[in-house]
Structures are given as structure tokens and as C-alpha cells.
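Chains as they are written, first to last, in my numbering: chain A, 4 to 260; chain B, 7 to 261.
The set of hints was computed from the structure by calculation and includes no laboratory data. Source: prediction; values computed, not measured. For each residue, glycine too, the CB sits at the ideal point set by N, CA and C. One or more hints might be untrue.
[Unchecked claim] Looking from chain A toward chain B, a few residues come up when the C-beta cut is under 10 Å (computed):
| # | residue |
| --- | --- |
| 1 | 67 |
| 2 | 96 |
| 3 | 117 |
| 4 | 120 |
| 5 | 121 |
| 6 | 123 |
| 7 | 125 |
| 8 | 127 |
| 9 | 128 |
| 10 | 129 |
| 11 | 132 |
| 12 | 133 |
| 13 | 134 |
| 14 | 135 |
| 15 | 136 |
[Stated by the list, open to error] Lysine to any residue pairs mimicking SDA-like chemistry, simulated, CA-CA at most 25 Å apart:
| # | chain 1 | residue 1 | chain 2 | residue 2 |
| --- | --- | --- | --- | --- |
| 16 | A | 40 | B | 125 |
| 17 | A | 109 | A | 185 |
| 18 | A | 109 | A | 189 |
| 19 | A | 223 | B | 57 |
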Amino acid sequence: MIALFNTLKKFLLATGAVSEFAARYFREVFFPPYEFKELLKQCFLIGNKSFALVGTTGLIMGIVITLQTRPTLVEFGAVAWMPSMIGIAIVREIGPVVTALICAGKIGSGIGAELASMKVTEQIDAMEVSGTNPFKYLVITRVTATTLMVPVLAVLSDLISLSGSALVELMKGGVSFELYFSRVFEYLQFGDLLPSFIKTFFFGFAIGIVGCYKGYTSTKGTEGVGRTANEAVVISSMLVFILDFIAVLVSDIFYEL
Amino acid sequence: MSSDKPIGINYQEPPVILIEDLHKAFGSNRVLRGFNLKLWAGENLAVMGKSGSGKSVLIKCIIGLMPIDQGRLIVLQRDISETRHHELDLLRTQVGFQFQGSALYDSMTVRENLEFPLRRHLERKIPEPEINSLVHEALEAVGLLYSIDMLPAELSGGMKKRIALARTLIMRPKIILYDEPTSGLDPVTAKEISQLIIEVQQRYNTAAIIITHDLACARIASNRMIILNDGVNYAESSYDELAKMKDTVVQAFFE
Numbered sequence: 004m005i006a007l008f009n010t011l012k013k014f015l016l017a018t019g020a021v022s023e024f025a026a027r028y029f030r031e032v033f034f035p036p037y038e039f040k041e042l043l044k045q046c047f048l049i050g051n052k053s054f055a056l057v058g059t060t061g062l063i064m065g066i067v068i069t070l071q072t073r074p075t076l077v078e079f080g081a082v083a084w085m086p087s088m089i090g091i092a093i094v095r096e097i098g099p100v101v102t103a104l105i106c107a108g109k110i111g112s113g114i115g116a117e118l119a120s121m122k123v124t125e126q127i128d129a130m131e132v133s134g135t136n137p138f139k140y141l142v143i144t145r146v147t148a149t150t151l152m153v154p155v156l157a158v159l160s161d162l163i164s165l166s167g168s169a170l171v172e173l174m175k176g177g178v179s180f181e182l183y184f185s186r187v188f189e190y191l192q193f194g195d196l197l198p199s200f201i202k203t204f205f206f207g208f209a210i211g212i213v214g215c216y217k218g219y220t221s222t223k224g225t226e227g228v229g230r231t232a233n234e235a236v237v238i239s240s241m242l243v244f245i246l247d248f249i250a251v252l253v254s255d256i257f258y259e260l
Numbered sequence: 007m008s009s010d011k012p013i014g015i016n017y018q019e020p021p022v023i024l025i026e027d028l029h030k031a032f033g034s035n036r037v038l039r040g041f042n043l044k045l046w047a048g049e050n051l052a053v054m055g056k057s058g059s060g061k062s063v064l065i066k067c068i069i070g071l072m073p074i075d076q077g078r079l080i081v082l083q084r085d086i087s088e089t090r091h092h093e094l095d096l097l098r099t100q101v102g103f104q105f106q107g108s109a110l111y112d113s114m115t116v117r118e119n120l121e122f123p124l125r126r127h128l129e130r131k132i133p134e135p136e137i138n139s140l141v142h143e144a145l146e147a148v149g150l151l152y153s154i155d156m157l158p159a160e161l162s163g164g165m166k167k168r169i170a171l172a173r174t175l176i177m178r179p180k181i182i183l184y185d186e187p188t189s190g191l192d193p194v195t196a197k198e199i200s201q202l203i204i205e206v207q208q209r210y211n212t213a214a215i216i217i218t219h220d221l222a223c224a225r226i227a228s229n230r231m232i233i234l235n236d237g238v239n240y241a242e243s244s245y246d247e248l249a250k251m252k253d254t255v256v257q258a259f260f261e
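I would like the entire structure built from these sequences, with the hints used as guidance.
Now the structure itself:
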């Protein structure tokens, strides 16, 4: 019972600390000095260096889902529904979540390890004595960059996934790319696109804030760097699922209206 | 005081750092318990003490990286505990800090590491040719101009210490705080760094607090020494005078 109480207490304290860290982000993000140059650099690093991984995963995902689903749809004579079904599945759910999970693994761990390493080697203190607010320079730029770039990566991943699916349909069913995409967009509505796009901003923010929080507050020396990277991935991946659950519940309310 | 030390110490003006009755604790661990210090312009002062005795905490309090619990801490006639953040940033342009592990930014080249404080600290925009010449001058002062486009990962421990010193010097500070400047170095490189500290003092007329375990460094680089023991300044004198003392605590550092 005491152990359970202590675990609960620890969890609440950690949640409070992350919330305070996130509140500091919102307190400081709108006020100068603005670190535009560093923000652009981080956007480039996050977007450019993750695109190959996200794109490859998206392509494989589109191909695999189509290959797995096709025999069943053929059996029921519903193969014509393939583009719309895959389109809705990828755009509404699979694309954003898988992209966010990949980003949590690649970007979240990278940010956590980088900041923890800077903390251990006193680079963050060095930055402060060099007249720079390290929170603005390191945290705000990285969190803003992940918040902006994860949606971009998710949209690109969706398009690549659908292209992979279209490729399978072209090879197996002789359906042209033009016809495939016209069928996809025939059934995709604004109500499908908007919630899934909005939730990717929350995914990006969660990945950035968790990675930065874990790295910026790391205190366990060099051993802590690896642990920080690991914790950043685990916590941000879990947050992606929790946020997705909330997003689906909220958007479901709007669908019923 | 050793006779070969530079005679540029100014006792006429107020001390550049004045510490009175400084207290600092971490929970129940009282690290500093009424520490006092006066650093005069142009003077190099070595602070020696056992591991965990609060030497690094002391200089982090001086630069404002850690708040003090009690006492007075005056740096260049400004009370650190009453200084606002913006004023503290301005004060830090005149107080250089050399970190124990050098703290060079891994993702930046040597040139970018040196440019960073110049671009960030100064409110006026410095023309690019002036930045370039300041970087070259600082690197020449530490004898590492050839490393200008290298990354920190390509540098040895001694080179990193020199580059970190160049990054400190580029702001032309009046005071330099050295945190274990020779730790992790072989005796030959450690001696070179100690001599470099003296060269910097002579060339730029800086005052310095040198936190060190290295007796040879303290002997070469300092004009005066303080033994920090149990959170207070236990003994204070020149290297030669301290070496002659019969006190067991002091002698423990010299044996």
C-alpha cells in the first residue's frame, strides 16, 4: 500500500514538474529575444533528417496494409472500396500515429540525449554565462520545431503511404494512380483531414516538451544521458497514444453533432 | 609571494571581488559556512580544498549560476544577490568563467564557439571583420590558431582547455574564474596551462580565482592561496608561507 502511494506520489510530482516546464514554455515563447536562426536550424534538422525514415516507413506501411487487406476485399467483392478505405485509415489514424511514434523514437531520444549531454558537460551553464537564456535557445526552439515539423512529416507520410497503396493497386488490379487518388479524395472529407492534422501538432509538442524536459533536468551524470534518451522515448510514445485517444473521443463528439 | 610573480596587483582600489560571511547549503549539507574573500585587481588567487568542499560552488555563486543563502557577494562593486538578470548578463561580460570540462559546444566549430559569446553578449552589432580579427587574436593568444575550423571532438583535453580560455578571453574580462584548469591533464600539459594562466594575467591584466587540486598549478599560477576547509577559509597566504606552516590540515595539501 505504501509502495503504491509512493509510486502515485512520484507520478504526480513528475506530472507537475513537466506541466510547470510546459507552462514556462508558454510564458517565454511569445516574448523576445526570439531565436529564429536556431529555430530554422532545428526545423531543418528535425524535418530533413527524419524525412527518409518517415517516408520509408510510410511507403512500406501503405504497401503492407494494401497487400494484407486486398484478399479479404476481393473475397467479398468490395475491392473497389480499397482506395477510400485505405485513404481514411491512413489519413485519420495510421499515418499521424505512426509518424509521431517514429519521431518520438528518433527526435525525442535525440533531443533528450543532446540536452542531457550538454547539461552533464556544463554547456548549458556556459551558455548562460555567455549571456544567452538557455531555455529560449535550446528548449523553445526545439519544442517549437517539433510542433511545426511533425505535422509536415505526417502529411508527407500520408501521401507516401497512399502512393505505396496505389502502387499495389496498379500492379495487382491495374488501377491507375489518377483513378486511385480520385477515389481516395472522393470519400475523404474535411472532417477527416482537420482533426488528424490538428492532433499532429499536439503529438509534436508532446515529443518536444518531453525530450527537452528529460534532457534539461537530467542530473545523473553520463549514465543519465542514455537513461534520459530511453525515458524520453517511452514517455512521449505513451503520450502520443493518450493524446490520440483524447483526439478521437473529441472528434467523435463533433461527428455525432 | 614568489619573487618571479608579476607586480600588477592594485591594492589601492576596492577589491574586484569581495565576499563576506558567505553561506551555501544543499539540503542539510552546509557547504560554505561563513566564507570570506577579497580579490584585488590584477591578482591571481588559488583556492584549494578537498573534493566536495564547495570550491566549484563558490565560483558558481560568484558568476550567479547559483544563488547564495546568506552573506555579501560583491563583484566589480555590484551586489550579486541584488542584481537583476539583465544587469547580471552585463556583469558577466566582464567576468570570464572557464569550466572544468571546458564546456565547448559540441555542435559548433572552434570559430563558432569563440564567436558565440561575442554575438550573444554584446548589445551592439559587431562588424564581421572585427569578429574575425578578435577570434584570430584570441586563438593566437593560446597558440591554437590552426584549430579554428576544427570541432571540439577533434581536440585533445589540453587543446580544449586552451580553446575554452580563448573563448573566455575574447570578451576581454577583468576577472577570470578557473574551475580546475589542469584537471585530467598530464603534468607537462598541466604546467603549460598553468604558465598560460600567468601569461594571460600579464598580457590582459586580469584578476583570477583558480579553483584547483593541483599544487603545482597553484604554485605557478597564483599570487596568493586560500585553503578552504569545513566551509571557511582555513588558511590564507602565499604558496611559500603556507608550505612552511606546521598546521596538519595545511600540510595535508603539501604532502
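Verification of the supplied hints:
{"no.": "1", "hint": "67", "result": "violated (37 Å)"}
{"no.": "2", "hint": "96", "result": "violated (36 Å)"}
{"no.": "3", "hint": "117", "result": "holds (8 Å)"}
{"no.": "4", "hint": "120", "result": "holds (7 Å)"}
{"no.": "5", "hint": "121", "result": "holds (8 Å)"}
{"no.": "6", "hint": "123", "result": "holds (8 Å)"}
{"no.": "7", "hint": "125", "result": "holds (4 Å)"}
{"no.": "8", "hint": "127", "result": "holds (9 Å)"}
{"no.": "9", "hint": "128", "result": "holds (6 Å)"}
{"no.": "10", "hint": "129", "result": "holds (4 Å)"}
{"no.": "11", "hint": "132", "result": "holds (5 Å)"}
{"no.": "12", "hint": "133", "result": "holds (4 Å)"}
{"no.": "13", "hint": "134", "result": "holds (4 Å)"}
{"no.": "14", "hint": "135", "result": "holds (5 Å)"}
{"no.": "15", "hint": "136", "result": "holds (9 Å)"}
{"no.": "16", "hint": "40(A) - 125(B)", "result": "holds (13 Å)"}
{"no.": "17", "hint": "109(A) - 185(A)", "result": "violated (34 Å)"}
{"no.": "18", "hint": "109(A) - 189(A)", "result": "violated (34 Å)"}
{"no.": "19", "hint": "223(A) - 57(B)", "result": "holds (18 Å)"}
Hint compliance for this structure: hints 1, 2, 17, 18 are not met, and every other hint is.
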